[in-house]
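Participant: Each chain, letter by letter, is given below.
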Amino acid sequence: ETGVTQTPRHLVMGMTNKKSLKCEQHLGHNAMYWYKQSAKKPLELMFVYNFKEQTENNSVPSRFSPECPNSSHLFLHLHTLQPEDSALYLCASSITGVSTDTQYFGPGTRLTVL
Amino acid sequence: DQQVKQNSPSLSVQEGRISILNCDYTNSMFDYFLWYKKYPAEGPTFLISISSIKDKNEDGRFTVFLNKSAKHLSLHIVPSQPGDSAVYFCAANRNTDKLIFGTGTRLQVFP
Numbered sequence: 213e214t215g216v217t218q219t220p221r222h223l224v225m226g227m228t229n230k231k232s233l234k235c236e237q238h239l240g241h242n243a244m245y246w247y248k249q250s251a252k253k254p255l256e257l258m259f260v261y262n263f264k265e266q267t268e269n270n271s272v273p274s275r276f277s278p279e280c281p282n283s284s285h286l287f288l289h290l291h292t293l294q295p296e297d298s299a300l301y302l303c304a305s306s307i308t309g310v311s312t313d314t315q316y317f318g319p320g321t322r323l324t325v326l
Numbered sequence: 007d008q009q010v011k012q013n014s015p016s017l018s019v020q021e022g023r024i025s026i027l028n029c030d031y032t033n034s035m036f037d038y039f040l041w042y043k044k045y046p047a048e049g050p051t052f053l054i055s056i057s058s059i060k061d062k063n064e065d066g067r068f069t070v071f072l073n074k075s076a077k078h079l080s081l082h083i084v085p086s087q088p089g090d091s092a093v094y095f096c097a098a099n100r101n102t103d104k105l106i107f108g109t110g111t112r113l114q115v116f117p
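Residue numbers (the numbering used here), protein chains in the order written: chain A, 213 to 326; chain B, 7 to 117.
Some clues are possibly wrong.
In silico BS3-like links for lysine-lysine, alpha-carbon gap of 25 Å or less [what the hints assert, rightly or not]:
1) B:K11 to B:K60
2) B:K104 to A:K234
3) A:K252 to B:K11
4) A:K252 to B:K104
Since the hints were derived computationally from the structure, they do not count as laboratory data.
Note that this is a predicted model, so its numbers are computed, not measured.
For reference, chain A alone in the conformation it holds in the complex:
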C-alpha cells in the first residue's frame, strides 16, 4: 500500500455505539491530521499530531478521542455520537507539522450516525 489509507471507508453507527476510525500513512511523514467535512461546509481541522504528540485540538467535543501510537498510525475513537456528527472524516499526513508542508489526504471514512 502506498500513500494514506483509511478504514473503514463507510461506517454506520448508532448513538450509543463505540467505534474507531483508522488511518495509516506509508510516506515516512511525521505529522498526521484529522479533518471533518460536513455537507456543504469546508474541511475543518480537528486534531494534529506531530511526532506522536498532539499539537492541535480545534475545540473538538470529547466524544471524539484521537490516538497516535506512532508516526504512521492515527486513530479516531468515537463514542456516544450525535446525528450531526455524520460527515466525511479525512486523515492527512505531512513531512512535519509546518503549515506550508504539503498535506497528503486519505480517501476518507463516510460516517453516518443514526
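We have chain A; now place chain B onto it with these hints.
Facilitator: Using the frame of chain A, we list chain B on its own:
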C-alpha cells in the same frame, strides 16, 4: 464566519477552453494559499500553491493568480480537459496557523 469563500459551487466548461475558479478571503494576514483537487471517493490532492510575496505561480496547465488588494485568488486551467472534472478547494493560512479551506467548486469539463 468563513474566512475563505468559494462563491461558485459549480462550473461547467467545454474541453479545450479556459476554466477559471475563484476564491475570496477575508483575513489580510494570510500569507500562503493553496489549491487542492478532489475526485469522488478519493481524498483531496495538492495541486498548486502561492506565497503572498508573489502574484502568479504557474505549473503546466495550471496557473494561480493572487490579488492581495482585492483579497482574491483564482486558478486558471488552460486548456481544460475532461480529466480535470473534480471538486477544487482553495485554502489559506498565516504563519504556522492551521489551513482554512473553502467549500469547494465542482468543475465539469464536457467534450
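Participant: Now tell me if each hint is right for this structure.
Facilitator: Here is what the structure says about each hint:
At roughly 21 Å between alpha-carbon atoms, B:K11 and B:K60 fall within 25 Å of each other, so this suggested pair holds. For the hint pairing B:K104 with A:K234, the CA-to-CA distance comes to about 22 Å; that is within 25 Å, so the pair holds. In summary, the hint linking A:K252 to B:K11 is supported, as the alpha carbons are separated by about 12 Å, within the 25 Å threshold. For the hint linking A:K252 to B:K104, the alpha-carbon distance of about 20 Å falls within 25 Å, and the restraint holds.
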